[in-house]
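Chains as they are written, first to last, in full-length UniProt numbering: chain A, 1 to 591; chain B, 1 to 289.
If you are wondering where the hints come from, they were derived from the structure by calculation, not from laboratory data.
Each hint should be verified, as a subset may be incorrect.
Stated by the list, open to error - Here are the simulated lysine-lysine pairs, DSS-like style, with alpha carbons at most 27 Å apart:
| # | chain 1 | residue 1 | chain 2 | residue 2 |
| --- | --- | --- | --- | --- |
| 1 | B | 78 | B | 201 |
| 2 | B | 124 | B | 109 |
| 3 | B | 201 | B | 127 |
| 4 | A | 235 | B | 127 |
| 5 | B | 124 | A | 235 |
| 6 | B | 201 | B | 124 |
| 7 | B | 78 | B | 124 |
| 8 | A | 235 | B | 78 |
| 9 | B | 78 | B | 127 |
Chain residues, written in single-letter form:
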Amino acid sequence: MTNTTGTTTAPEHGPVPLPPAVAHTLVTAGAIGTIASAFMSWTWTPDFPGDLTIYGYPAGLQILAIVAGALTLLYSLTLWNVRGLHRLNPAGATTPVLLTALSAFAVCWYTAIAIAVDLGGLVNLDPGAYVAVIASALPVIGALALPHPDPGTGIRGYLTKPDQPRPGKLPALAERAVITVGTALALVVFTYGIGINDDESETFIGYLLVAVFTAWALVHAGLLDRYAAISARHKGFSATLAFVAVAVFPFTQSEDHNANLGVSILVFATVALGLNIVVGLTGLLDLGYVAFLGVGAYAAALVSGSEFSRFSGVQFPFWAAALTGMAASLVFGVLIGAPTLRLRGDYLAIVTLGFGEIFRIAVNNLDGVSGPNLTNGPNGISRIPDLEVFGFDLGEAHDLGSFTLGRFANYLFLMLIFTAIVVLVFTRAADSRIGRSWIAIREDETAATAMGINGFRVKLIAFALGAALAGLAGTVMAHVNYSVNPQPYQFAGAAPPNSAFLLAAVVLGGMGTVSGPLLGASLLYLIPEKLQFLKNYELFAFGIALVLLMRFRPEGIIANRRHQLEFHENGPDEPEQGTLPDEPAVTKAGA
Amino acid sequence: MTTPVLEARAVTMRFGGLTAVRSVDFTVNSGEIVGLIGPNGAGKTTFFNCLTGLYVPTEGTVSYQGTVLPPKPHLVTKAGIARTFQNIRLFANMTVLENVLVGRHTRTKEGLWSALLRGPGFKKAEKESEARAMELLSFVGLAHKRDHLARNLPYGEQRKLEIARALASEPGLLLLDEPTAGMNPQETRATEELVFAIRDKGIAVLVIEHDIRFIFNLCDRVAVLVQGEKLVEGTPDIVQADERVIAAYLGTPFEGEPGEEEAAEVAAAEAAADAPADSTTGSTKGETQ
Ligand SMILES: Nc1ncnc2c1ncn2[C@@H]1O[C@H](COP(=O)(O)OP(=O)(O)OP(=O)(O)O)[C@@H](O)[C@H]1O
Ligand SMILES: [Mg+2]
């Protein structure tokens, strides 16, 4: 299936019959051409988002074309045996070259087509666009002429990831440098994505195209696995850097609007991480998790001193409000969990689904007309005052040197502290007696109880802890949004947060990992935000994306350590024949 | 010296109309290795499940060291009975070491708070647990595989890991359900040694096995279960000689002997009908009904 031999020993060319030298030249020349084309004008009018009209000043999609072209160039150079570059493609595989070439091809052709469609006709294309279209096609043709990774297997051969040579360890300092560069790159990529204007969906689609193909290429080249292994060796360092990167983010933004997006993403991601304790670690399917976020938000709103609150006279200091929100969610978590966690299987999923809906409907009805007045019904509780932490008004903009940090930036810093708490709780709990018993229950509940684990108790702890963390995030969210209302706390909706999106963030990102749900949540928040035109088709697109991901990468974007360990175990010095426990055992089923 | 560790009184287990275990009285004394044999579907595993609380017996009681056990698996383990499963039930996506650490659950008590606060007590307990787990892994010979995923171990090692995980709960009685199923003759012999070593640690062992040679080598006492009822109980010699047992269990040809050599020996010893050798080990069992 897999083929470790590099380009030198695999004699056969791919589907395009060209000699290797020509193929190499095509890839390299095409990549350079793509980059060059971005400095030309692609269309005559600035009506097309991003203003692609000026010679010498690439913008919007042209910048993406440059990035994709540069990556293609980089990977094409690995074929020319340029020293040092083999690290980018340790297995010397064809597929990463093809994928980077496809990313350039996709972004150029997409742009040309979008220009023609948006502006009505091919006449709107300037020469630059034609150059881009032709130049970006060359590397794809060239890459297809490169040796087929596994002759005779057709397309499948390109998709199968080759075995990677076992990576050596770098010196600790170099590894830290790698992490620093990686984090910085991630920050740049993220900042670029979030900085794309909401009305420039075309640019954002191009961004996604480049991101997906590049990520795919990096995965295929084994670079992401190696990066994961390196950052696993420097856990504390990479975690700190990640937090530093998020803290740096507001300084890169001139508009508070993007900081608002940032803080919403952070809330959503934190809640997803809390859900990961329940779903990823303990294996309990919770379909109403967003309700706990709502409980926390409403609890904080009620004690915030808002004039619309039932207890408008009461204004707790924030720490007390945060604890109240947590405690309220915890109580609800125990109330829902206690009767259902004794049962196995899908009962919990159904009950939590029901609870999620009941919460929303009850909050809608507790308006003094249909029921007692507690939540103000559909109007919710608005005018929630801004927080004051240590005499520091989070509602005001503050100047820090030459930077102005607006309201949302302030909240972003506050939320970042909460995210750090949740990350700490997650990692510490996961790596302990209680965390191991969660995982044991997920793996095999019968065996776990036979090992002395009180399944009900341990599951209830996980469920209540998850609820409490969501409640904590909810308290900040209530203040960030100025108001709370029942509308967002649905099972499924077109925009996050809702239970389905939260669950998807966990599953897409990678169950049982820390970075997975954070990444998954960021993507799931950002994509609907930037692709406003999808509106009615959002859930449809969401569904398709889920199906594709489950087909091609069922373990989620970030695979948990299972993958790393397999990597580790199949090292050259200890060949191992894997024995799957679900293989038909020779004996028949017992207990 | 021979105080009873486990006492089952009139244990009956019915599944609807089917009585899988019928009024079985059973005792295991300290320091003993007791075998439980019987044809397929005799109710051996069901009996184990009744002992360990996975099934609530329809009738009867199980007591451990004089106190009646509640039918809750985690309480049974806490009391001091550990078990392995006929179809291996490891935590497949956990490492070998973590599997054993989970086995330590009842003997440690660090809760969520201590995990979050990570005080000195927590670190000490984790260290101790790990040292204890590594000891057990060395004991079963898996120390070098500590960081491997359980799912990637070969079959025989998975069985050993299950034993190590069970021992981690510091039991006074270990229940093994077909510990050599799927093993080759060498592995079976190693398991034999392992069980003796466990007994020498002062842990009583109750073992279900279809490999009669293994049982007769190992056990001080053997009980035969046929169609849910205890047919005979006694020393291997007595059981071996009992006609009813031969009729119900040994007398019919059974495949699944570890090898031709062993098969011949058993055949000679028991004057049973010639046993067709099956090199794929003692896991496939004789058609005995
Ligand atoms: N949960 C259950 N529900 C209904 N019937 C069951 C259940 N568990 C076991 N049985 C039945 O009880 C009988 C005894 O099964 P058991 O698994 O205890 O046999 P065994 O002696 O362990 O056999 P083997 O040697 O094949 O493992 C069988 O007829 C089985 O089908
Ligand atoms: Mg059985």
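Results of checking the hints against the structure:
The suggested pairing of residue 78 of chain B with residue 201 of chain B holds, with an alpha-carbon distance near 19 Å, which does not exceed 27 Å. For the given pair, residue 124 of chain B sits about 12 Å from residue 109 of chain B by alpha-carbon distance, which is consistent with the 27 Å threshold. Simply put, residue 201 of chain B and residue 127 of chain B have alpha-carbon atoms about 23 Å apart, close enough for the 27 Å limit, and the pair holds. Using a Cα cut-off of 27 Å, the hinted pair residue 235 of chain A and residue 127 of chain B holds, with the two alpha carbons roughly 20 Å apart.
This hinted pair checks out: residue 124 of chain B and residue 235 of chain A have alpha carbons roughly 22 Å apart, not beyond 27 Å. Between residue 201 of chain B and residue 124 of chain B the CA atoms are separated by roughly 25 Å; this keeps the pair inside 27 Å, and the hint holds. As the CA atoms of residue 78 of chain B and residue 124 of chain B are separated by approximately 22 Å, the hinted pair is consistent with the 27 Å bound. Restraint check: the Cα-Cα separation between residue 235 of chain A and residue 78 of chain B comes to about 36 Å, which exceeds 27 Å; the hinted pair is violated.
At most 27 Å may separate the alpha-carbon atoms for a hinted pair to count; residue 78 of chain B and residue 127 of chain B meet this at roughly 21 Å.
In this structure, only the earlier hint numbered 8 is contradicted, and the remaining ones agree with it.
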